[in-house]
Structures are given as C-alpha cells and as structure tokens.
Amino acid sequence: MQSLLQRAVNFLFPGVADRWLTVLRCGLGFQLTLYCVSSWSDWQLLYSSSGNGLISRDLAEAILSVESALVPRLGWVVTAGEQLGLSEPVILQLTWLFLLCAGLCLLFGAFSRTAAIVAWFLYLCAVKSGVLTSYGMDNFTIIGLFYLMVAPLPDRFSFDVIVRKLPVRDERLHGFHCRVLQIHLCLIYFFGGLTKALGPAWWNGESMWRALTRSPFNVISPDFLASWGSALPLLGIGVCFLETGYPFFIWSRRTRAIWLAGILVMHVAIGLTMGLYLFGLIMIILNLAAFGPDLRTRVVATAEPLIVQVGSKNLIRSTPDR
Amino acid sequence: MEKGEALAGTVLGYGWPAGNLARQALELYTHSAGIETGYGFFAPNVPDNYKLVFELHYRDGRVAHALPTVSDAATGVRIVNLLDRLAEIEHPPLRELMVRMLAYSVWREQADVIEIRAIFGFVSLPTLEAFTLGERESYQTMFAYDFSFLPAEPEQP
Numbered sequence: 166m167q168s169l170l171q172r173a174v175n176f177l178f179p180g181v182a183d184r185w186l187t188v189l190r191c192g193l194g195f196q197l198t199l200y201c202v203s204s205w206s207d208w209q210l211l212y213s214s215s216g217n218g219l220i221s222r223d224l225a226e227a228i229l230s231v232e233s234a235l236v237p238r239l240g241w242v243v244t245a246g247e248q249l250g251l252s253e254p255v256i257l258q259l260t261w262l263f264l265l266c267a268g269l270c271l272l273f274g275a276f277s278r279t280a281a282i283v284a285w286f287l288y289l290c291a292v293k294s295g296v297l298t299s300y301g302m303d304n305f306t307i308i309g310l311f312y313l314m315v316a317p318l319p320d321r322f323s324f325d326v327i328v329r330k331l332p333v334r335d336e337r338l339h340g341f342h343c344r345v346l347q348i349h350l351c352l353i354y355f356f357g358g359l360t361k362a363l364g365p366a367w368w369n370g371e372s373m374w375r376a377l378t379r380s381p382f383n384v385i386s387p388d389f390l391a392s393w394g395s396a397l398p399l400l401g402i403g404v405c406f407l408e409t410g411y412p413f414f415i416w417s418r419r420t421r422a423i424w425l426a427g428i429l430v431m432h433v434a435i436g437l438t439m440g441l442y443l444f445g446l447i448m449i450i451l452n453l454a455a456f457g458p459d460l461r462t463r464v465v466a467t468a469e470p471l472i473v474q475v476g477s478k479n480l481i482r483s484t485p486d487r
Numbered sequence: 031m032e033k034g035e036a037l038a039g040t041v042l043g044y045g046w047p048a049g050n051l052a053r054q055a056l057e058l059y060t061h062s063a064g065i066e067t068g069y070g071f072f073a074p075n076v077p078d079n080y081k082l083v084f085e086l087h088y089r090d091g092r093v094a095h096a097l098p099t100v101s102d103a104a105t106g107v108r109i110v111n112l113l114d115r116l117a118e119i120e121h122p123p124l125r126e127l128m129v130r131m132l133a134y135s136v137w138r139e140q141a142d143v144i145e146i147r148a149i150f151g152f153v154s155l156p157t158l159e160a161f162t163l164g165e166r167e168s169y170q171t172m173f174a175y176d177f178s179f180l181p182a183e184p185e186q187p
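If you read the sequences in order, they're chains P and C.
Read in order, the letters of the first sequence are residues 166 to 487 in the working numbering.
Read in order, the letters of the second sequence are residues 31 to 187 in the working numbering.
Some clues are possibly wrong.
Pairs of lysine to any residue, SDA-like flavour, derived with a Cα cap of 20 Å [claimed, not checked]:
id, chain 1, residue 1, chain 2, residue 2
1, C, Lys81, P, Ser299
2, P, Lys330, P, Arg379
3, C, Lys81, P, Arg379
4, C, Lys33, P, Leu352
Pairwise CB distance ranges, derived in the manner of DEER restraints [unchecked claim]:
id, chain 1, residue 1, chain 2, residue 2, range
5, P, Gly180, C, Glu167, 51 to 57 Å
6, C, Gly39, P, Ser392, 53 to 59 Å
7, C, Ser101, P, Ser392, 30 to 36 Å
Think of the hints as simulated: they come from the structure by calculation, not from any bench.
A quick note: this is a predicted structure, and the numbers were derived from the prediction, not measured.
Beta carbons: idealized from backbone N, C-alpha and C, even for Gly.
Start from the sequences and build out the full structure, keeping to the hints where you can.
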C-alpha cells in the first residue's frame with residue numbers, strides 16, 4: 166500500500182525542469198498575438214451589442230446566462246467601462262488592446278502572472294460573449310491559458326527571472342502541473358479518437374473527404390483530392406489510430422518521439438490543408454509543452470552513452486547539454 | 031455511451047435546478063477551464079455544411095445576392111460554426127431572430143435595399159465516388175424569411 170502510494174506520488178510529482186512552462190508561455194503568447202492580429206478587423210462586428218454587430222452580443226450573453234450567470238463575459242467589462250464614461254466601441258477596442266498586450270507580455274515573460282490572468286480573463290470573456298461563433302480552437306486556448314494562469318510562473322527564460330530576478334519555483338511543483346496537462350491531453354485525444362472510430366465514415370475515408378471538401382476548409386482542390394482518393398481511408402484510419410493510441414504510446418520511452426511527431430504532423434496538416442492555422446497552432450503548442458521538453462531530455466540521455474563511446478574512441482571529449 | 035453521458039451529467043450537476051449555487055459554481059469552473067464541452071470534433075461523422083444566402087431587393091427593382099461577410103479567414107470559420115448552430119435551433123422564433131440580425135448586418139451596408147429574403151439551406155456534398163462520376167454539390171433550402179428594415183411610413187389622413 167505504501168509502495169503504491171509512493172508510486173502515485175512519484176508519478177504525480179516528478180522532478181521536471183521549467184522548460185515545459187517556457188514552451189507553454191511563449192506558445193500561448195504567440196497564439197494570442199496572432200489571434201488578436203487576425204481578429205482586429207472583425208472585432209467590433211463580432212462583439213458589439215444590438216444593432217452594430219453580426220449577431221448581437223446581448224443574445225449570446227442571454228443564452229450563456231441560461232447556463233450560468235457567473236461565467237465572465239464582455240458585458241461585464243462594457244458595463245464597468247460605461248461607469249467610467251467610455252462608449253462601447255472604445256471599450257471593445259481597449260479590450261482588444263489589453264489582450265494583445267497580455268499576449269506580448271507572455272511572449273517575453275514580462276509580468277507573467279498578471280499577463281496570464283488578464284489574458285485568460287479577457288479571452289474567456291470574448292469567447293463566452295461570442296458563444297454562438299466559438300469553435301474548438303477557443304476551447305483549447307482557454308485550456309492552455311487556464312493551466313498557464315495557475316502554473317508556477319515565472320520560468321528561467323522569462324524577463325521576470327532574467328531582469329527582475331524573480332525566483333524559479335520547485336521542480337516537483339513544475340512536475341505536477343506538467344503531469345496534469347499531459348493527462349488532460351491523453352483524455353482529449355483518446356475520446357476524440359474513440360468517437361471518430363465509432364462510425365464507419367473515418368474507416369472508409371468518407372469523413373476525410375467531407376472534412377477536406379467542406380467550405381471553408383476546402384483549401385485543396387476536390388479534383389486533386391479525388392486523384393488521391395485511395396489514400397483517404399488510410400489517412401482516416403491513421404487519424405483514429407494516432408488519437409486513440411495517444412495515451413498508450415506517448416508515455417513509453419520507445420514510442421514517444423514517433424507518436425509526438427505523428428500528432429504534430431497531423432496538426433500541421435490540419436493547419437495547411439483546412440486553413441485552420443490557429444487551431445493547428447494551439448494543439449502543437451499544448452503537445453510541445455506537455456511532451457516536448459521531456460523528449461529532448463530523454464533523447465540527450467539516450468544519446469549520451471553513445472556520444473561518450475564514440476568520443477572516447479576518437480579521443481573527443483563529450484559535453485552533453487544538461 | 032449514453033450511461034457514461036448520464037453519469038458525467040450527474041457529476042457536473044446537470045440534474046440540479048439551474049439556479050442551484052453548486053451547479054452554478056461547477057458551470058463556472060468548467061467554462062473557466064475550457065472543459066464544458068466534449069472533444070468529439072468531426073466525430074463520428076463530419077457534419078453537413080450549411081449556407082445562408084441573402085436575396086437583396088433594391089428600390090429600383092434590381093435583385094442581387096450576398097453572403098454573410100467578414101474580413102478575415104479566421105472569422106470565416108466562426109461564421110461556419112454560427113450557421114451550424116443556427117441549423118440546430120429547434121425554437122423557430124429564436125432562429126428567426128438570429129437570421130434577422132444577420133440580415134440587418136447586410137442591410138446596414140446597403141441602405142437602398144428595401145427587402146431582404148434570407149434563404150437558409152444545407153449543401154449536400156457528393157461522396158468521393160459520386161464526385162468522380164461528375165456529381166457536384168447541391169443546395170437544398172431548409173427555411174426562408176423576408177425582412178424589411180425600412181421605417182414604417184406615416185399613415186395618410
């Protein structure tokens with residue numbers, strides 16, 4: 166019993182360097198910056214209230230209120246801003262600007278904790294006030310920002326540590342936070358893959374065909390796609406296999422590199438062939454943060470004896486990167 | 031699968047009254063952490079593709095067609111999600127209200143339009159086999175609404 170408990174503690178609190186957090190922070194900073202730049206021209210259209218937007222923000226927030234009145238929304242920010250005498254368009258522009266600043270601060274690691282909280286809150290407000298137009302990318306960005314907000318910031322490559330000389334937190338604390346993100350990704354992929362595998366359409370290539378020819382994801386010409394029709398079932402089965410097998414193969418030292426590479430290639434392909442570049446990017450960031458840094462350590466650890474062996478034969482002194 | 035869904039619903043407090051504080055707190059947590067929805071994107075099948083077309087009737091009798099437009103491709107993805115949700119709405123007045131808002135956003139840019147007919151339908155995509163035999167996508171109307179946003183003229187004495 167004691168041994169089992171000890172194993173559980175060792176699993177949940179491994180000693181992990183803060184590189185995972187550097188990847189998550191920089192990645193989310195870049196993602197937010199890209200999101201802000203791409204949404205600037207449609208920001209007012211998406212989040213204005215009655216009469217000025219595409220779908221009124223008031224309607225989306227009323228639908229949200231049916232679920233919960235406590236979930237943050239842009240309406241709260243607008244109401245607070247109006248108390249200061251600001252108009253709705255100005256408040257919305259300021260919200261966009263603060264979100265962009267938070268993204269840039271995260272990118273460089275300046276005032277990391279404050280930036281992470283501001284980014285999470287404003288992004289959550291925007292997504293919930295645009296609940297009728299939100300999609301998977303928004304959910305994954307919120308997941309990433311939530312983990313970043315509660316993570317043991319700052320990391321050693323941030324402005325906060327290099328310039329402001331703030332201390333880096335305990336490795337076991339980093340290990341726990343990284344582990345939770347890893348487990349969450351395993352659940353996401355396993356259930357995503359399993360639900361795809363339940364229907365026949367991912368086995369016979371029909372879903373791949375429909376996903377790639379469905380507007381506005383039809384980046385590739387259907388004629389070109391049809392000429393590669395026989396490859397679609399293989400690709401569909403490959404997606405199901407990669408996703409369902411993720412929690413089984415990502416932990417093993419032998420298969421981690423292959424699985425991570427497969428998943429990253431899949432998300433790059435989604436970004437390029439379906440035009441979902443923000444979705445592809447956030448998934449790459451989460452995967453690299455969760456399993457990327459550890460992979461590098463393991464590759465170096467595995468390669469070290471070989472390097473030393475080859476080095477001693479050739480009288481070369483080995484200096485592995487720790 | 032349904033038992034699992036029911037169990038998850040119970041854990042998340044979906045059986046409790048909407049005003050229940052514990053349920054509200056759970057909703058707040060799940061929304062804040064981004065875990066309020068499942069992860070079955072495009073599963074088990076890729077859903078149908080919907081399209082909303084506006085038929086613009088001008089004062090001089092001209093008729094033109096328009097689609098809901100945005101500036102960036104990333105926002106275009108959001109429009110697709112909006113149309114998917116529109117198709118799922120089972121409450122006709124809410125559906126009409128949403129289509130009216132979208133039509134109004136088009137009318138704002140085209141002040142000489144006197145009436146807008148909004149036609150919502152789904153795009154039937156051919157299978158790979160049918161495509162290679164020459165079949166192409168077709169559009170089937172699900173519902174249509176007529177809107178006029180001109181101010182009502184005062185009655186003659």
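How the hints compare with the structure:
no.	hint	in the structure
1	C:Lys81 with P:Ser299	holds, 18 Å
2	P:Lys330 with P:Arg379	violated, 51 Å
3	C:Lys81 with P:Arg379	holds, 11 Å
4	C:Lys33 with P:Leu352	holds, 18 Å
5	P:Gly180 with C:Glu167: 51 to 57 Å	holds, 56 Å
6	C:Gly39 with P:Ser392: 53 to 59 Å	violated, 46 Å
7	C:Ser101 with P:Ser392: 30 to 36 Å	holds, 34 Å
In summary, the numbered hints that this structure violates are 2, 6.
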